[in-house]
Amino acid sequence: MPTPPRPVFELKDVEKVFQVRKPGQRFGRKTVGLRALDGVRLSVEQGASLALVGESGSGKSTLLRVLLGLDAPTDGQARYRGRPIRAVRDEGADFARDVAMVYQDARGSLNPRMTVGALIAEPLRRFAVVPAPEIGARVATLLTRVGLPADAAGRYPAALSGGQVRRVAIARALASDPSVLVADEAVSGLDVSTQAQLLTLLRRLQQDMGLTLVFITHDLGVASFLCEQIAIMYLGRIVETGPTDAVLTSPAHPYTAALRDAAPKFFEPIAEPLPGEIPSPLDLPSGCRFSGRCPRVQPDCHARDPHLARSRTRSVTRSVACLHPLAPVDGAGPVAPANPGPAPEQTRPD
Amino acid sequence: MNLLSIDALTVDRGTARILDRVSLDVARGETVALVGESGAGKSTIATAIMRLLGDARISGSIALADAGDLLALREPDMVRLRGRRLSMIFQDAGAALNPAYTVGAQLVSAVRRNLGLGKRDAHARAVELMTQVGINDPEARLSAYPHQLSGGMQQRVMVAIALAADPDLLLADEPTSALDVTIQAQIVRLILAQTRARGAACIFVLHDLALASQACDSVVVLYAGQVVESGPVRDVLDNARHPYTRQLKSCVLEIGRDDLVAPEGTVPSHEDMPAGCRFATRCPRAQDRCWADAPPLETARGSHRFACWNPE
Ligand SMILES: Nc1ncnc2c1ncn2[C@@H]1O[C@H](COP(=O)(O)OP(=O)(O)OP(=O)(O)O)[C@@H](O)[C@H]1O
Ligand SMILES: Nc1ncnc2c1ncn2[C@@H]1O[C@H](COP(=O)(O)OP(=O)(O)OP(=O)(O)O)[C@@H](O)[C@H]1O
Ligand code: SF4
Ligand code: SF4
Ligand SMILES: [Mg+2]
Ligand SMILES: [Mg+2]
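In order, the protein sequences belong to chains A and B.
If you count by the UniProt record's numbering, then the first sequence holds residues 1 to 350, one letter each, in order.
If you count by the UniProt record's numbering, then the second sequence holds residues 1 to 312, one letter each, in order.
Check each hint, because a few of them may be wrong.
Claimed, not checked - Simulated pairs of lysine to any residue, SDA-like, Cα-Cα distance not exceeding 20 Å: (1) B:K249 with A:F267; (2) B:K249 with B:P311; (3) B:K249 with A:E268; (4) A:K30 with A:S280; (5) A:K265 with B:P138; (6) A:K265 with B:C251; (7) A:K30 with B:T102; (8) A:K265 with B:P232; (9) A:K30 with B:Q148; (10) A:K30 with B:H147; (11) A:K265 with B:L192; (12) B:K249 with A:T200; (13) A:K30 with B:A140; (14) A:K265 with B:N239; (15) A:K265 with B:V252; (16) A:K265 with B:A140; (17) A:K265 with B:Q148; (18) A:K265 with B:I255; (19) A:K265 with B:R246.
Stated by the list, open to error - Take a look, some chain B residues computed to stay more than 10 Å from chain A by CB distance: (20) L53; (21) Q132; (22) N239.
These are computed hints drawn from the structure, not numbers from a lab.
Just so it is clear, CB atoms sit at the ideal spot from N, CA and C, and this is done for glycine as well.
Make a model of the complete structure from these sequences and hints.
Given below as structure tokens:
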């Protein structure tokens, strides 16, 4: 039996702590640790598509920076095809060519002194994607792919609208023919028709070329269209994960349910906000970190901190970190952290 | 009389016509959504109203009730209007707050500048505003630096700064596109409640048509620098006459939707813009006439207007 391919990304109990100045102190050198990622486990297989969704400040961008080797985890393991990400990254250009990134701050990620054409030509040249004489033609192809007019090549980022800058960032990321695309809010701020073009393009690349996708988005419609799997984050933790359709049709975590209910729907009243304030990551409540805002909160939620627990319902694997989950996931509870990825090796009785 | 009346606003940069004879009205207390393809000129309209467009060439008029044509005002008069009667929440909020100053310093200075209050009164007003935008423990948050607040909280601070002087018109350029949907719902409700309580009007630049239908009274649809359809939200979003508006609506991804068909093509570059209807290169209903003559804005019913020779 051939050994199964290694997951593209594998995170085990990843922690990321930033040292920040003590709140209320304007000067002084006293710092406290801000736990941006807290025991994150994740496995992304070759050709998989994973949506990362969660409240702002929940650690999504930090998680992506760990996947790209830009930030080293403070604790835990982060592997790329079986090897530590930081080591692979330091080895050379292969990782950078294979794993492309679209940053949340698209404008900030582009050199303002380079024209759009030069910005897209740069990865083509650096990774020798096409012979030098063909670079111009390839730039034109990439511009069309992301829906920019040909005359955009001669313009500077400052002369582009917010959405146009985002398209340049996507064109640059696709230039090196990567096998993995990691994207932070890549289609937010685009009109829905441009968004539709890019999403169908990405879905085609994903289905036909086996592109592996890790896609941060606030838009649950985008997540459900593009990604097979979804992970919902809240304050540094993954609180629910599983197949996107199953999770969004019948959420198990009350925060997932709140997200689904708050998604805008034509001509319906705007959703009632959740009660309470998002706690500061420096001052987490005891027990479940969602307890201050949870509509299902019960007394034990203030005492026990639920970890992500796996369960299997009708052959789909889902995990949730909640003491009193909504309907579909049975057997969930305050169990030790379980891997939301593939089941561990088991000997079969045949 | 309308609070704001934009007539034939045209903006050129270099050889590019960014806005072409844009007209739109905003009544007192009305909430208007500006939607349309990225690069269509939505931010340019908002920035033109604030008269912060820099070196672009501008013609047409932007009439604000009791102030006359903003394009004709001297800069000192405009400075007085900004903040007091007009204020804007910019597309990137993170960038709009100065990282070197505390949130309180920035809010207090906005209050002092616009209301001419003394230090102590301005501080009290700042605390009041922070409470109104739903920030707990406002005294403590005022001494925080922007990076110490979450994205949603920074955005609420921006709303507080924008509301500091009780403006008549609030311009909100994609105020929530970086926020998760629960916080988005909270911020939009907040902006609506605060503007309603003040009888202020609001122009929202949005990409989410479903959100526009929930939050706004009317919608203006832009394509390549022109208004192609406008009117009450029901008319425009439920009974669109312009093919571009229909196309936009057909691309909205609701949860679980799997059958998306992306429209073909891109907006033509400025050199290749058709002489007639600018949408002709991509329009499924285009006829010969569309290429030659630009369709005028026509009235469908009441204030519902569209510009198309062969409407749906
Ligand atoms: N370099 C840093 N130094 C200190 N704190 C940081 C740093 N980067 C992130 N944080 C903090 O870590 C937490 C997670 O931030 P992160 O940017 O990953 O959130 P996010 O989920 O991407 O949010 P958003 O949706 O707003 O982009 C936040 O509390 C943030 O303030
Ligand atoms: N400084 C500039 N010089 C030349 N062209 C510019 C400049 N700033 C903006 N533009 C162009 O003006 C047009 C309108 O830009 P604007 O920012 O108003 O678009 P928008 O509708 O707000 O788009 P988005 O939804 O992407 O924010 C775009 O085609 C843009 O490329
Ligand atoms: S553990 Fe309790 S507070 Fe936390 S999400 Fe579940 S029900 Fe809500
Ligand atoms: S005028 Fe013609 S090309 Fe333009 S939108 Fe109408 S049918 Fe289409
Ligand atoms: Mg982020
Ligand atoms: Mg804009």
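The hints, checked one at a time:
no.: 1; hint: B:K249 with A:F267; verdict: 13 Å, holds
no.: 2; hint: B:K249 with B:P311; verdict: 15 Å, holds
no.: 3; hint: B:K249 with A:E268; verdict: 16 Å, holds
no.: 4; hint: A:K30 with A:S280; verdict: 18 Å, holds
no.: 5; hint: A:K265 with B:P138; verdict: 33 Å, violated
no.: 6; hint: A:K265 with B:C251; verdict: 14 Å, holds
no.: 7; hint: A:K30 with B:T102; verdict: 19 Å, holds
no.: 8; hint: A:K265 with B:P232; verdict: 18 Å, holds
no.: 9; hint: A:K30 with B:Q148; verdict: 15 Å, holds
no.: 10; hint: A:K30 with B:H147; verdict: 17 Å, holds
no.: 11; hint: A:K265 with B:L192; verdict: 17 Å, holds
no.: 12; hint: B:K249 with A:T200; verdict: 16 Å, holds
no.: 13; hint: A:K30 with B:A140; verdict: 18 Å, holds
no.: 14; hint: A:K265 with B:N239; verdict: 17 Å, holds
no.: 15; hint: A:K265 with B:V252; verdict: 10 Å, holds
no.: 16; hint: A:K265 with B:A140; verdict: 36 Å, violated
no.: 17; hint: A:K265 with B:Q148; verdict: 32 Å, violated
no.: 18; hint: A:K265 with B:I255; verdict: 10 Å, holds
no.: 19; hint: A:K265 with B:R246; verdict: 17 Å, holds
no.: 20; hint: L53; verdict: 13 Å, holds
no.: 21; hint: Q132; verdict: 15 Å, holds
no.: 22; hint: N239; verdict: 12 Å, holds
Comparing the model with each earlier hint shows violations of hints 5, 16, 17; every other hint is respected.
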